[in-house]
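Protein chains in written order, with our numbering: chain A, 1 to 289; chain B, 1 to 289.
Read the hints as simulated data drawn from the structure, not as lab findings.
A couple of the hints might just be wrong.
The list treats identical chains as interchangeable, and a pair is accepted whether it falls inside one copy or across any two copies.
Unchecked claim - List of simulated lysine-lysine pairs, DSS-like, C-alpha gap at most 30 Å:
id: 1; residue 1: K141; residue 2: K7
id: 2; residue 1: K161; residue 2: K253
id: 3; residue 1: K286; residue 2: K255
id: 4; residue 1: K7; residue 2: K255
id: 5; residue 1: K202; residue 2: K21
id: 6; residue 1: K21; residue 2: K161
2 protein chains.
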Amino acid sequence: MNIKLLKDEVEQWISDYFGDKQEVNIRNFEAMSYSIKVGGKRIRPILMLLTYSLYKEDFESILPFASALEMIHTYSLIHDDLPSMDNDDLRRGKPTNHKIYGEAIAILAGDGLLNEAMIIMLNECLDGNLNKIKASALIAKASGAEGMIAGQICDILSEGKVISEEELLYMHRNKTGQLIIAAILSGATLGNASEEDLSALKMFGDKLGLAFQIKDDILDVVGDVAILGKNVKSDECNNKTTFITMYGLAKCKAKCNDLTQECFQILKGLKANTNYLEEITEFLLKREY
Amino acid sequence: MNIKLLKDEVEQWISDYFGDKQEVNIRNFEAMSYSIKVGGKRIRPILMLLTYSLYKEDFESILPFASALEMIHTYSLIHDDLPSMDNDDLRRGKPTNHKIYGEAIAILAGDGLLNEAMIIMLNECLDGNLNKIKASALIAKASGAEGMIAGQICDILSEGKVISEEELLYMHRNKTGQLIIAAILSGATLGNASEEDLSALKMFGDKLGLAFQIKDDILDVVGDVAILGKNVKSDECNNKTTFITMYGLAKCKAKCNDLTQECFQILKGLKANTNYLEEITEFLLKREY
Numbered sequence: 001m002n003i004k005l006l007k008d009e010v011e012q013w014i015s016d017y018f019g020d021k022q023e024v025n026i027r028n029f030e031a032m033s034y035s036i037k038v039g040g041k042r043i044r045p046i047l048m049l050l051t052y053s054l055y056k057e058d059f060e061s062i063l064p065f066a067s068a069l070e071m072i073h074t075y076s077l078i079h080d081d082l083p084s085m086d087n088d089d090l091r092r093g094k095p096t097n098h099k100i101y102g103e104a105i106a107i108l109a110g111d112g113l114l115n116e117a118m119i120i121m122l123n124e125c126l127d128g129n130l131n132k133i134k135a136s137a138l139i140a141k142a143s144g145a146e147g148m149i150a151g152q153i154c155d156i157l158s159e160g161k162v163i164s165e166e167e168l169l170y171m172h173r174n175k176t177g178q179l180i181i182a183a184i185l186s187g188a189t190l191g192n193a194s195e196e197d198l199s200a201l202k203m204f205g206d207k208l209g210l211a212f213q214i215k216d217d218i219l220d221v222v223g224d225v226a227i228l229g230k231n232v233k234s235d236e237c238n239n240k241t242t243f244i245t246m247y248g249l250a251k252c253k254a255k256c257n258d259l260t261q262e263c264f265q266i267l268k269g270l271k272a273n274t275n276y277l278e279e280i281t282e283f284l285l286k287r288e289y
Numbered sequence: 001m002n003i004k005l006l007k008d009e010v011e012q013w014i015s016d017y018f019g020d021k022q023e024v025n026i027r028n029f030e031a032m033s034y035s036i037k038v039g040g041k042r043i044r045p046i047l048m049l050l051t052y053s054l055y056k057e058d059f060e061s062i063l064p065f066a067s068a069l070e071m072i073h074t075y076s077l078i079h080d081d082l083p084s085m086d087n088d089d090l091r092r093g094k095p096t097n098h099k100i101y102g103e104a105i106a107i108l109a110g111d112g113l114l115n116e117a118m119i120i121m122l123n124e125c126l127d128g129n130l131n132k133i134k135a136s137a138l139i140a141k142a143s144g145a146e147g148m149i150a151g152q153i154c155d156i157l158s159e160g161k162v163i164s165e166e167e168l169l170y171m172h173r174n175k176t177g178q179l180i181i182a183a184i185l186s187g188a189t190l191g192n193a194s195e196e197d198l199s200a201l202k203m204f205g206d207k208l209g210l211a212f213q214i215k216d217d218i219l220d221v222v223g224d225v226a227i228l229g230k231n232v233k234s235d236e237c238n239n240k241t242t243f244i245t246m247y248g249l250a251k252c253k254a255k256c257n258d259l260t261q262e263c264f265q266i267l268k269g270l271k272a273n274t275n276y277l278e279e280i281t282e283f284l285l286k287r288e289y
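Please construct the entire structure, taking both the sequences and the accompanying hints into account.
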């Protein structure tokens with residue numbers, strides 16, 4: 001097993017899924033399929049699969065959940081990019097959904113992806129497996145108004161304002177952190193992890209999510225648009241408070257390093273072999289996109 | 001039991017639910033709460049509760065599902081009303097969500113309601129009850145890109161075009177019909193109905209949904225804005241093909257009557273006492289809003 005393989009497996013599952021759907025009715029799935037196939041690091045599904053693999057060997061069995069999580073992430077990007085939200089034209093080096101299909105269809109594509117994720121998870125739950133129901137419930141909760149959406153609302157309402165460090169942390173813990181934690185905890189839940197492991201992994205997810213977001217803000221300042229596939233300095237243009245405006249670049253880099261070290265420490269405390277989770281943690285720190 | 005009581009029970013459940021949520025964080029739930037509390041006929045949850053009551057006496061036990069369904073319906077209205085969609089300022093006699101909270105928050109309020117519905121249903125499923133999982137799965141499917149969203153996509157893509165009768169029926173069967181059928185079938189599923197009853201009730205839902213939409217189109221032409229709580233002639237202004245432009249007013253009225261009679265026939269074929277379902281079927285035909 002390696003991380004690239006997991007990424008390919010998720011992308012293949014998603015491609016097969018939408019391929020079958022589009023054969024029946026191409027119109028209903030075209031815009032949804034566009035944004036999910038346009039690429040991405042697939043961090044969330046990979047984290048779910050790697051965490052699951054601490055406990056079980058058959059990661060293929062949870063590909064529907066991993067893919068559903070990526071659909072939820074993608075729906076949030078489509079809606080975030082809309083003119084009334086961040087108004088972004090470029091995502092992953094390609095035109096954003098509404099630039100191709102128009103705003104109305106883009107809104108529906110986002111709605112459709114969120115729905116489809118729930119359909120996929122609920123269909124998996126039809127066998128009555130309680131761990132699957134728990135994993136689905138925690139993913140739904142992390143995506144909702146007390147999770148990712150809370151962060152998005154905070155983001156919208158903070159636009160053009162200077163916000164406090166507490167508010168900035170709240171925003172990112174919800175907007176990015178919750179779905180990353182859910183990726184890890186759902187993988188562990190599906191793998192039947194102990195309560196003790198679940199609480200260690202929750203801390204791991206929290207720190208990883210924060211490091212991830214700080215790194216994103218760093219890349220928004222120092223990143224290369226050709227590698228990133230999206231416009232840089234977008235936060236500055238939108239007058240947003242970011243970790244850079246809050247702490248400065250040097251302190252952000254130090255924080256990112258520290259959080260990564262703390263992640264390693266937590267992983268070392270687990271009984272299972274966490275080599276792959278360490279590898280992706282390091283990748284997330286060093287990435288240039 | 002009467003229909004008004006069921007409506008009150010659903011509204012109370014929703015009000016309590018958002019009341020508790022808003023105590024913790026008013027900001028995250030304010031816009032969601034606004035649109036769901038602004039009123040409405042609550043047809044879908046009432047249909048679910050009445051169908052469930054053909055089989056079981058404890059309708060209170062499925063209020064979470066009934067309320068979740070109403071949240072899904074409300075999310076679809078918020079998104080439908082957006083400037084890039086139908087661009088409506090008025091809904092149920094009150095300003096639409098985006099007129100009060102702005103487009104970005106309105107999009108998130110819709111997203112939040114869909115998510116919340118899934119959270120509520122999945123939390124109910126944590127007891128492992130297979131009928132609950134089946135009901136949740138069928139509601140999710142009916143809301144998704146092969147259900148309600150398929151109808152919305154069709155609606156968007158048909159704007160300003162003359163469409164065929166087949167296309168018009170496809171649009172409404174999905175946009176309105178699927179969630180009405182899901183209301184009925186999820187109620188029956190939660191009540192542990194037989195396969196035979198499920199297939200009769202599916203036909204009932206299909207005819208009821210179609211009658212409901214034809215009646216909506218009739219009211220858009222002959223309705224009173226003060227009673228309807230939304231602008232009339234909106235379809236005409238949007239150059240939409242409707243049942244009125246397709247069949248004319250007289251034929252629409254006749255069709256609506258015929259479908260209602262067919263609904264009664266199906267209900268009479270069931271063993272249970274269907275008085276209340278007949279009552280709501282008749283109300284939907286005769287309503288002025």
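Worksheet entry | Broken hints, by number | none
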